[in-house]
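Taken in sequence, the protein lines are chains Y and S. For the first sequence, the numbering used here gives the first residue as 1, with consecutive numbering after it. For the second sequence, the numbering used here gives the first residue as 1, with consecutive numbering after it.
Treat the hints as calculated values from the structure; they're not laboratory data. As the structure is a computational prediction, the values presented were derived from the model and not from experiment. Possibly wrong hints are sitting among the right ones.
It does not matter which identical chain is used: a pair holds within one copy or between any two.
DSS-like mimics (lysine-lysine), calculated; alpha carbons at most 27 angstroms apart, straight line [unchecked claim]: (1) Lys-297 with Lys-347; (2) Lys-391 with Lys-303; (3) Lys-248 with Lys-43; (4) Lys-284 with Lys-347; (5) Lys-433 with Lys-394; (6) Lys-448 with Lys-284; (7) Lys-465 with Lys-270; (8) Lys-273 with Lys-39; (9) Lys-448 with Lys-39; (10) Lys-347 with Lys-269; (11) Lys-347 with Lys-274; (12) Lys-78 with Lys-284; (13) Lys-456 with Lys-255; (14) Lys-433 with Lys-465; (15) Lys-336 with Lys-422.
Protein chains: 2
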Amino acid sequence: MLKNYPAIYTDFYELTMAQGYYLSGRKNETAVFDYFFRKIPFKGGYVVFAGLSDFLEIIKGYRFHQEELHYLHTQGFKDSFLDYLKNFSFTGNIHSVKEGEIVFASTPLLRIEGNIIETQIIETILLNIINFESLIATKASRIRQAAGERLVLDFGLRRSQGFGGIQASKAAVIGGLDGSSNVYAGMEFGLNVSGTMAHSWIQSFPNELAAFRTYAEHFPNNTILLVDTYDTLEQGIPNAITVAQELKEKGYSLKAIRLDSGDLAYLSKKARKKLDAAGFPHVKIAASNQLDEYLIKSLLDQKAPIDIFGVGTKLVTAYDNPALDGVYKLASVNDKPTLKISENVEKITLPGIKNVTRYFNEDGTFYADGISLQNEQKPVSHIEHPFLPTKKTKVIDLKSEPLLSKVVENGEVINDICSATKSRSYFRQQIEKLSPEYKRFDNPHVYKVGISTELKSLRDTMIQKNSK
Amino acid sequence: MLKNYPAIYTDFYELTMAQGYYLSGRKNETAVFDYFFRKIPFKGGYVVFAGLSDFLEIIKGYRFHQEELHYLHTQGFKDSFLDYLKNFSFTGNIHSVKEGEIVFASTPLLRIEGNIIETQIIETILLNIINFESLIATKASRIRQAAGERLVLDFGLRRSQGFGGIQASKAAVIGGLDGSSNVYAGMEFGLNVSGTMAHSWIQSFPNELAAFRTYAEHFPNNTILLVDTYDTLEQGIPNAITVAQELKEKGYSLKAIRLDSGDLAYLSKKARKKLDAAGFPHVKIAASNQLDEYLIKSLLDQKAPIDIFGVGTKLVTAYDNPALDGVYKLASVNDKPTLKISENVEKITLPGIKNVTRYFNEDGTFYADGISLQNEQKPVSHIEHPFLPTKKTKVIDLKSEPLLSKVVENGEVINDICSATKSRSYFRQQIEKLSPEYKRFDNPHVYKVGISTELKSLRDTMIQKNSK
Chain Y
1 MLKNYPAIYT DFYELTMAQG YYLSGRKNET AVFDYFFRKI PFKGGYVVFA
51 GLSDFLEIIK GYRFHQEELH YLHTQGFKDS FLDYLKNFSF TGNIHSVKEG
101 EIVFASTPLL RIEGNIIETQ IIETILLNII NFESLIATKA SRIRQAAGER
151 LVLDFGLRRS QGFGGIQASK AAVIGGLDGS SNVYAGMEFG LNVSGTMAHS
201 WIQSFPNELA AFRTYAEHFP NNTILLVDTY DTLEQGIPNA ITVAQELKEK
251 GYSLKAIRLD SGDLAYLSKK ARKKLDAAGF PHVKIAASNQ LDEYLIKSLL
301 DQKAPIDIFG VGTKLVTAYD NPALDGVYKL ASVNDKPTLK ISENVEKITL
351 PGIKNVTRYF NEDGTFYADG ISLQNEQKPV SHIEHPFLPT KKTKVIDLKS
401 EPLLSKVVEN GEVINDICSA TKSRSYFRQQ IEKLSPEYKR FDNPHVYKVG
451 ISTELKSLRD TMIQKNSK
Chain S
1 MLKNYPAIYT DFYELTMAQG YYLSGRKNET AVFDYFFRKI PFKGGYVVFA
51 GLSDFLEIIK GYRFHQEELH YLHTQGFKDS FLDYLKNFSF TGNIHSVKEG
101 EIVFASTPLL RIEGNIIETQ IIETILLNII NFESLIATKA SRIRQAAGER
151 LVLDFGLRRS QGFGGIQASK AAVIGGLDGS SNVYAGMEFG LNVSGTMAHS
201 WIQSFPNELA AFRTYAEHFP NNTILLVDTY DTLEQGIPNA ITVAQELKEK
251 GYSLKAIRLD SGDLAYLSKK ARKKLDAAGF PHVKIAASNQ LDEYLIKSLL
301 DQKAPIDIFG VGTKLVTAYD NPALDGVYKL ASVNDKPTLK ISENVEKITL
351 PGIKNVTRYF NEDGTFYADG ISLQNEQKPV SHIEHPFLPT KKTKVIDLKS
401 EPLLSKVVEN GEVINDICSA TKSRSYFRQQ IEKLSPEYKR FDNPHVYKVG
451 ISTELKSLRD TMIQKNSK
């Protein structure tokens, strides 16, 4: 829905710059921008790239509508420029990493080529979507890692950052979750959606048993009973067992009970024993309440017999690191490389039109990513650390693949846009190619990302030229 | 835009519960829910209530469209229930605190009365909007506090959590900011929007001076020059002074320079001296780069001569505390009070239909909030701590006001919906009535929120009855 109105979901300065390019006669000049992030969130070892599908939908529908042009007129934009915007659409090329790919800091993940106005103007929405979806997909992946193959569902909509919940639920599925409580995202993106009852359902009946019975009567095939409204062990679980018995007599079976407070390790063990003793070993145990990858790991380390995890706030807001620092930097204008210098050396950009190559170990696992100039004549033999001259790696004999591929040509999206579940399949395939030491929660190994010798000398020459 | 499609921006379980109420013949039963939060974010002393305007717009447009009903059919919902949803709209009453009000933990801030289906079904969207906007308005208020009366602008859209940026920019203005870079929010909510140039503008020209000159030529009345692309002190500021001189010769004046990296205290002092020495004491200094209330306070403590602050990631994601824990709890069904018990005592709810009274000190500052039952016969003489019997405060002689007022009657919004700037005015008036000790960043004083003796005995009786 909102994807049809992306053009003004932007920073004002994209439009002042665009008007400046237009009025100074530069509208047909060409530019190339790179998207990359600088720091892996959650003190982790990798990021799951997500947001590409939504970004491509946005590129397809990128138009300024009459109402928006009128508004821009009231903000002082010039008529000649607004006339230009009237027929504006994105006509350039985009190369990108696949959605669901495992990626690392400093690697260009998207390369946007086109005229200087169109490449500039899409900056904000690109950053907004890709930064956030990659952040949440990464968090989801960590949660998936902790939960193993148990069912994990997103329950976070009530604590999502406003309409950011739309993308959060989708990105959570790309990063490996099974489904969501978010009906909107389910409809828009074809996610599995589910849910049963809140405490209010139970409170609204004269007693808990009546509430359980009524639910089971109307949803006999899909009953999950929330057992902690009054007293989990003394009332909730015994009442759930009563209803499980009644369902069984009618030929149905209770699907699960859900614990939403208290000590989940303790309560789940007690609940499992009571359910088993009553003859219901197949009734599953679901748990929720401020869960994240660390709590899930701790519960499973304690052998808590939990089959289904509901994860909310900590996932959908990426609570412990709620932003990915992705940036969009100019690399070339009219085929001439450009550079941004900074007092923080790690913020100096990589000039020129670049390719990214992923190198593999013999067993097929990821070894390193190499960034090189598109127009290098010779094959890249070594990749180097961007700043430390002693850190150099030979790559010429390694199996390799280009990491970026063309997804938009002359403004047209060239392949079918991936569904969230398709991107999840790709993610699940790729995460297997990342060695466990990069996936550790504590002090993960740092993945090698290097630059070619030619790229390095171009950058160093440009820095020296500027500082003269 | 999205506000016209709120009905399925919900947790699946709201709809299963609604169908359960419908199928069990309870659709005309009445219910009352309270919204409140449990913990003030940012280790702060208060929250700025926001999101009401957007929530009221959502209530006005709350419909299930054909496409959505079709989708729900595919998810197994029953035809009779979907027929009911076809004509569904919210027909109940809502009492609320005003947008921009200063509020505290445990106080009911919204009271929703109506039939059991309509009061349940709006839960998720209410929580999504009010939690997030109140969170961001609170963060903005803290930033405003640190910045004093200096201009403060939201630059966060690229790091906003997806479409959450829509609400983030609005809530930032409600909480005291002057404007935003977010054009969408500017158009939708009538916010001041602004922006000038990124590093890419400068990189795209043969040199920095050419970039500055071209910008000034096309925006002579509104030029803010970004001076840190190559070398702030050696190039950026001297070039800005050259352009300031050229603008002056044409009868214009340079508005400001902007620092976006490096040591902002050091660079702003150097910049101020250079600008003053060149005869430009009126050219302002803007600063951005990962700012929050603590960094702004530190910069101003160091006497950094910064006139304009641009605040991004830390504001729009509420980086150090990215969720408000607001909840929506059933208080009454068919005029009978309801209760949720929990192993965590602070999670036990307050039963019954309740009023909230704000008590004032003699100087007009806020003293305490008292929660009482709507049907109490005698005036409330004391308010008590919900759990500690020794903490009791006499309030009968104090000046007081009801905190909640009716905003929706029989489904109709009864007053004009407040604009963000109007809510900001209310906020700025109310924050003056909060004593400084509640506004401290470190260990702020805890504001008194108490309950009446009648409410307390109702709750305690219900707890005892349950535990028998």
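Worksheet item: Against which earlier hints does the structure fall short, listed by number upward?
Response: 2, 3, 6, 8, 13, 14, 15
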